[in-house]
Every structure is written in structure tokens, then in C-alpha cells.
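Asks: Now for the letters of each chain:
Number of protein chains: 6
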Amino acid sequence: MTAHEKHKEHAPKEVRFYVITISTSRYEKFIKRETIVDESGDAIKESIISEGYKVVGYTLIPDNKIKILRAFSEALDNPDVDVIISTGGTGYSTTDVTVETIRKIFDREIEGYGDVFRMVSYNDPKVRSASYLSKSTAGIIGDKVVFLLPGSPDAVKLAMKELILPEIGHLLYLVRGK
Amino acid sequence: MTAHEKHKEHAPKEVRFYVITISTSRYEKFIKRETIVDESGDAIKESIISEGYKVVGYTLIPDNKIKILRAFSEALDNPDVDVIISTGGTGYSTTDVTVETIRKIFDREIEGYGDVFRMVSYNDPKVRSASYLSKSTAGIIGDKVVFLLPGSPDAVKLAMKELILPEIGHLLYLVRGK
Amino acid sequence: MTAHEKHKEHAPKEVRFYVITISTSRYEKFIKRETIVDESGDAIKESIISEGYKVVGYTLIPDNKIKILRAFSEALDNPDVDVIISTGGTGYSTTDVTVETIRKIFDREIEGYGDVFRMVSYNDPKVRSASYLSKSTAGIIGDKVVFLLPGSPDAVKLAMKELILPEIGHLLYLVRGK
Amino acid sequence: MTAHEKHKEHAPKEVRFYVITISTSRYEKFIKRETIVDESGDAIKESIISEGYKVVGYTLIPDNKIKILRAFSEALDNPDVDVIISTGGTGYSTTDVTVETIRKIFDREIEGYGDVFRMVSYNDPKVRSASYLSKSTAGIIGDKVVFLLPGSPDAVKLAMKELILPEIGHLLYLVRGK
Amino acid sequence: MTAHEKHKEHAPKEVRFYVITISTSRYEKFIKRETIVDESGDAIKESIISEGYKVVGYTLIPDNKIKILRAFSEALDNPDVDVIISTGGTGYSTTDVTVETIRKIFDREIEGYGDVFRMVSYNDPKVRSASYLSKSTAGIIGDKVVFLLPGSPDAVKLAMKELILPEIGHLLYLVRGK
Amino acid sequence: MTAHEKHKEHAPKEVRFYVITISTSRYEKFIKRETIVDESGDAIKESIISEGYKVVGYTLIPDNKIKILRAFSEALDNPDVDVIISTGGTGYSTTDVTVETIRKIFDREIEGYGDVFRMVSYNDPKVRSASYLSKSTAGIIGDKVVFLLPGSPDAVKLAMKELILPEIGHLLYLVRGK
Ligand SMILES: [Mg+2]
Ligand SMILES: [Mg+2]
Ligand SMILES: [Mg+2]
Ligand SMILES: [Mg+2]
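Those sequence lines, one after another, are chains A, B, C, D, E and F. Quick note: to get our numbering, add 95 to the position in the first sequence (first position is 1). Quick note: to get our numbering, add 95 to the position in the second sequence (first position is 1). Quick note: to get our numbering, add 95 to the position in the third sequence (first position is 1). Quick note: to get our numbering, add 95 to the position in the fourth sequence (first position is 1). Quick note: to get our numbering, add 95 to the position in the fifth sequence (first position is 1). Quick note: to get our numbering, add 95 to the position in the sixth sequence (first position is 1).
None of the hints are false.
The list cannot tell twin chains apart, which means a pair is met if one copy fits it or any two copies do.
Here are the simulated lysine-lysine pairs, DSS-like style, with alpha carbons at most 25 Å apart:
#, residue 1, residue 2
1, Lys160, Lys140
2, Lys199, Lys160
3, Lys221, Lys256
4, Lys221, Lys140
5, Lys221, Lys108
Hints listed in this document are in silico derivations from the structure and should not be mistaken for laboratory results.
So that you can see chain A by itself, here it is in the shape it has in the complex:
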């Protein structure tokens, strides 16, 4: 049994996720009661469930600093949440503010998440150099872990499958110190 396998023995069996989709266009449709397709939000939820974990909450908000702070702080204040995953707002368009807003409230940033995600993205021939245009990152707030994913469904699936789901149990164990 390797050290990594040993660590994983300590991982919690149940992990409870809160999903936040950040998309002004979808939010405006929602406000007008039009039909919304949230492919990335759905892909996050499916990957969580297919791993045997639970989705305990979901919200849809626009690319707005205050709405983002409010949605995250409500999820952080929910004792039934272990992990928060957002999708959207991590690029360089003038409206993207997810990382700028949430990074500042991290107790500790998981500073290697972003570069490993970009490396894995670069290795996808459909992404290649576009990988450097993401500032997707992750961090720890209290005893919860937060991942800020891009808006693209492919990016979200890659991040969940290759990076987040394989480590989340062990990471929660580390962060909680027990």
C-alpha cells in the first residue's frame, strides 16, 4: 500500500457538494422565466452523483461581485456543505470576476490547482494554448474546500474527473486535521 493509498483510507465516505453556476446570460433568462440550459452545472452534479457523493444545494447567479459574495457566503454558512464548486467567470472577458472576488476570502489558496489544471487542459488538443486564458483556482475557507471552475462543459468535466473527485476525500481529511 503506497503512502497515497494509505492517506485515502482516512477520507470521509460522504462528501456533500454545493454547486454555483455563474452566468449573466442564464441568470437573465431565469429572471424572465425562460428555459435555461446549464450544461456545466449539470455536468458537475452528474459527476458528483456518479462518484457516490451528494449534491446538497445549487444556485444560479450573474457575473456580479456582490451576488457572488452572497451566494458563496450563504453556502459557507451552511453546516451541511463540505465542498463548493462554481462554474463560470474565470476567464479574461471584462465581465469575469469570480476569481477576483472569491480568491480574497480564501484562508489558504490551493495555489497549485490552477497550474495543474492548465497543464491537463493544454494536453487536450482541442484546448492547447487556450489553456493559459483560464485563472480557475481553488482554496480553503474554514473547514470547507472551494473550486472555481471555468464555464465550459468540457473544462468542468475534465476538472471533476481528473483533479477534484480523485483528491477531495483526502483533501477534506487534511484540511480538517482529523
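Add chains B, C, D, E and F with the ligands to chain A, keeping to what the hints say.
Replies: Chains B, C, D, E and F with the ligands only, in chain A's frame:
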């Protein structure tokens, strides 16, 4: 008419305040449904009303990063609020986290507020050197102004009377650029 | 002879100033070839000359990050300049960007300049609490000293007379290490 | 048509580049009117032209904070410039100051550019571990994009071909919000 | 009994100080075994003793980042020390590095100490505008409090008498949370 | 001869290393005089020696900010040391503080070391996504180079063999400017 007097002509006639008391001991009493005396919160409200301005909201929260972020982000998301004033958690006890938490979400810190407040406090013979043990500060988020006041009723009254109420109309005018 | 008097013996006899007025309204008049009154820029120049020092350059620019960076970098690259003094853009209106722009290129910020300036301003009964609405500051870049003054002529006169001219010779001596 | 292909439809057809070579040794030769070979500057220009884009300006400066600030601020103030590319000063010798100087004036750093560039460099067997000795990075200032490349001709060619030219049109589209 | 008087009831009766003099000229004399006069270090020790507190250690070091880090980390690692007071290296000469070095290892900076100290200094007619040329500050590391005082004996006496000795007992009580 | 080969000609022939193991569990055994196995510290020393370089010092300390600062500052103050390598405390458990403590005293961080190390780790099939849970980094302090390695023996061997030993001679040459 001086430049300052001219500036004040542009000040909005109505200013709407949201008051947040940050005090673990009072919050615990509140949770147990015991009687709470919130002398500093009350002093802020009285000074607002006696100036002819309005109090549009109030909440009581403990010295907890997540509860503080949540209370401020809800007040920031309220279109009826112009100014947020908190009391408590601005000193150097191990539980004080108000400034550490909210400063990071300021768009711009009003960096001179803290030193001018400490100077005015120092000039009160009952405070003197204790003035340097406050990190009370202020900042701008979106088109709202936020002041983080100490927990002491005397400090709160001094700040409202000498610094905040005389400038708030002009400051909102500046911040809103119109 | 006190220590301060002794220090002043080492001060350079000649000090060469570059003055930068930052004011969008005056710049627009200048572009349209209208008559400009630059009371604050003039007050700075007069106080320099009446102290027996020299003004070796002057420019007028709008409240624009790039124009500000360009004007300062050209003055910094001029070997005939010892001190750069700007006026304007140090407050909290949405267009004020002088401090945000230049502070980041300081090698060392003279972090006490701002609070001492606000204290001296507060003591003027015409200013009082408005003093905290300035983020006027100063810093060192290479072997030059930079002061970022407010746009008001009264503030400029106060800063030059009470804070800058009494110390500039000694400060240049310190900064140059010889 | 993939999302990336769709995005690229919006890219501007013409992109105008300003090239800055930062090299004390070449600058000293230039001052003495000796012949200069600027292989990296030339490689940048050739790759721009062969992509069908334009070089609208070029300058050669030494490894000096003030000269660097001045050259960049003049290029930033030029309305005919869309992108600034520099070469040199991105390593760990005591004279390298390009990144330290320009990073601070970025409105937003393209924080993923550096790690993706190092990954691509590492994959070149002639570079391998030496890749971590570069702090080459990129950022956004106003509506312009800035890339700070290393001094080596091979590194410059790699960055232009694999990372910058494939994305620059789309990136300008994002940054300009239209 | 005021709130401040009540707080002071909790102050520890015994406070143990470690004094560090930072002065290249005195250190060089010490290395050459010449006689040293350390007027500021002596003034700190006398003020501690005359207040009834204890001096448990003293060292003399040059204006050198590594020597400063080493001296402070040894004092911080000493369980018999409650407070560390240094004198020297807080100004703007090219050799002054005390604040730049130690500020970064503060868990929390007592950010109001510097401005209150400069205000008190300004009020001394022998100092006046020279007050802004100090970046003297204070901070908390673990359960110890650190003050970085200027090198001048007058400044040291003022800081000890007016700011440090009146608050140190209460401050230690706050910092230790018990 | 490539540019990299040419650079390596200038590398110092002798490089002197100081090794610091940061491990609370091993430190507690050491204090109780129990037998300690320090596989990672030993792996570092072996790789240094097998490259023909020298180990001039070693210490074992717990995951404690003050002990870490003290150990590093003593090694930094030792004129016989060129490079400091630590192992341990670079992850996200609640006790890990090595990077948080030492990063702040870097004169310059070698910001690309961390992402290149994570890339190389990711490529090891036994590590893969766990690579992003390291914040291992490196930096320059004075004329010394510091590497903060993880606690795992495999990670330490990888870093020494693939990244540190191939570059250390050239890096010292760069940093020392001669
Ligand atoms: Mg989006
Ligand atoms: Mg309190
Ligand atoms: Mg103005
Ligand atoms: Mg170079």
C-alpha cells in the same frame, strides 16, 4: 462659499443606513432568547436618526468570518442601502476578525479614515494611548460606503459625530460620480 | 545644535523640482486652447522658488492611468530632476487614480507622510473631518522623491510649507546615502 | 464548429504590435553606435509579419526600471498599438527587472501564461529544468495586452508560435468586451 | 471605574522584555572591542525597570536583514520573553531595513501604532515635520508583542512613556486571549 | 556548445548545502531520545554527495513558525552555506507552515519552481492529481538559494534529480552576478 461648502450642495438629501453589531456575547444571549443591551448599535441608530437620515436594516452577528461575510454581502445586495456601519471586532483580541474579513472585499479602502479616527480618539483624555489598539477603518464597495467601528459606545459616538455624519453625503456624491 | 540641525547641515543646497498637474478639466481646456488657471500648480511652483529651490519642468495631464505613468516616467528619467510633486487625483471620486497608479512604482513608500498630512489638515478648522478623504502620499523611486498632493490650492500650500520644504533637503541626503 | 472556433470568428483581423528589446549590452553598443544584432527582437517581428499582423513600433532599452517604465508607458499611450511584446530581463540574474517593474502596472495579470510557457519549455529537451528559471508573464493594461518574453531567441520563437499568435485575436476580443 | 480601568485589571503583573539595538556603527565598534555608548538601548531598559518590569535579554546587531531575522527569531523562540523592543533602522536611509524585514513576519501588524507615534512626535516642537520620516511600527507574533522603535533616544523615550508602557499589560492580555 | 552549456561553464565547482528536516513527529522522537528515521533528509544528503557537492549542516525541527524562522535564519547567517534545502510542511494539513513562513522572507521567489515541480510530479503515475496538493517552492535570499521540498522521500528524490541539481550551479552564478 468655500469649496467644501460648495461640495456639500451636491450631497444627497436622504441617506439610508444598515447597522451591523458584531458581538459573540450578545449573539449568544440572543440565541438563548435572553435580553440584550446593544448600547453601541443603539448609539449608531440614534445618531443617524437625529441627523435626519434613515436606518433601513439592522442585524446582530457573532465574531465569525463567515457570519460577517454573509451579513455584509446581504446588506451590500440590498438596493435600499447606501451606507453600512458595523460595531465590534476591530481590536487585537484573538476573536476580533471584522477588519481582516471585510477589508479584503473593499473595492477601495478609505485608508485615511483609520488614522484620523485614532488621532481624534487620542485627543480624548479617557482614551489616549489606547487609541492605537484600534484598526477601525472604512471602504467603498460598488456604490456603497462601509465603516467598521469599534465595539465601545464612546468610540461609536465619536466616530459618528466627528467623522462619518459630517462627510457621508459628500462622500456618496463622490463615489457615485454624479 | 540638535540632531535635526546637524542632519540639515548635510542637505543639498540646490534642489530641482518637476511639477505635474493632474486635472481632466484643465487638460481638456488646454487641448481646446482655452485659458487655464492652475492655482495649485502655481502655488507649488511659488513655494519652491520662494524657498530658493528650482523648478526644472512642468506638465499638465488628465486623470488617466497611462498619461500619469508616462508623465512620471519621463520626469523620473530626467537626470536634472531631484523631486517630483503632483497635484490632483488623490481623493475618492471615480476618476481619481493618481495614488493607485504611482504608489505601485514606488521603491519605498514614505508611509507616514499620508497620516501626518491628514493630521495637519484636520487641525485646519476649514478642513476637519474632510481630511480623511485624502489618500495623498509620498515615496522614493531610485534616488528621487515623489509627493502626490491633493488638487486643492489650500492643501497644496499646507503640504509644501509644513511638510515638504522643511524636510526635502535632509530626505534627499538620506535617500542618496551620501 | 467548436466553441474555440466560434470565439475565433470574433477576433480582429488586424493586430498591431509594439516590440521592446530589453538588453543592457545591446543598448550600450547602440549608444556607442556599434553594430547590434538583436536576434530575439527580429524573431518576434518576423513571426508577427508572417502571421499577417503588423509591427508598428520598436525600441531598444537597457535593464533599468525607469527606462522600462518609460518605454512601456509610451507604447501604452500610443493609440495605434494593440499588443506590446518585450524580450529580455525575465530571469534571475541581479540585473533582470522587467517582470518586477511591469507586473505592478498590469490591471490584470494573465496568471496562467507563465506556467503554461514553462510547461511548453520544459518539453523542449534542450531546456528541461532550466524552464523554471524564467518568470516570463503576461497581463492586460487598459485595452492592450502585454507579454514579457525571455531574452533567448529560441524561447521567443516558442512563445510566439505556440502561445501568443494562436490566441492574440481572441484575447483582444475578450479584453475589449466587444 | 471606566472600561479602560476595568481592562487594566486583567493585565499581567510581570512583563519580561527583550531589547535589540540595531546599529551598524555601534556593532562595528563592538566587533573591534571599542567602547560603545548605546543611549537608546539604555533608555529602553531604564524605562522598563522604572515601571517595575524586567529586562530578560539584550543584543546589539548591525543593519542587516539576516542578522535582524536571526536576532528576532532567537528572542521569539525564548519562552521567557513577552515583549521585544528594537531601536534603530526605521527611517529612510539606504541602510534602514528593520521594518521591511520584521513587518513580513508579523502575524498581525498593530497598524495604528505608527500613525499614533508620528502624531505624538509631531506634537514635539523639536520634531514636527520630521515625524513623517519614521516608519516605526508594532505587531503580534504568536503570543508576543514586538515594537520597532527609531534610533533616536528622544523618540525611544517618548514611545516607551506615552504609548508602550501604558498599554503593554492590557495588550498582552488581549493577545493571549485569557 | 548551446547557450545552456555555455552558461554552465560559469557554474561554481563547489556547492555547499544546509539541510533542514521539518517534521513534528520526528522532532518529538528526537526530544525523547528515541530512534529517528529521516528518509527524506537522508535522500537529500545522498543526492548532494553523489553529485560531488557538500553537506555542511543539518537540523531537525518541528512544524512551528518560530522554530522554522530560527533554523533558516541561522543557516542564512552561516557564510559557509550556498544553498538551503528543507523537507516537510509544504502541503495543506493544518500543521503545514513551511511555505507560509519562509516565502515572506524571500528577496525574490523563484515563482516557476512550484509549477514545474507539480508538472513533473503529475507525470509520475503514482502521484498524478495529488501533485496539486503541494505548494513546494524556492527563492533567493541575499546570495543564497532556498528550496522548500515536500516531506515525501519520492518527491524529494524527484526534485533533487530532475530540477535542483541540474540547475544549482548556474543559478548560484546568476544570483551572485559574477
Ligand atoms: Mg462566463
Ligand atoms: Mg468585541
Ligand atoms: Mg481632481
Ligand atoms: Mg537579459
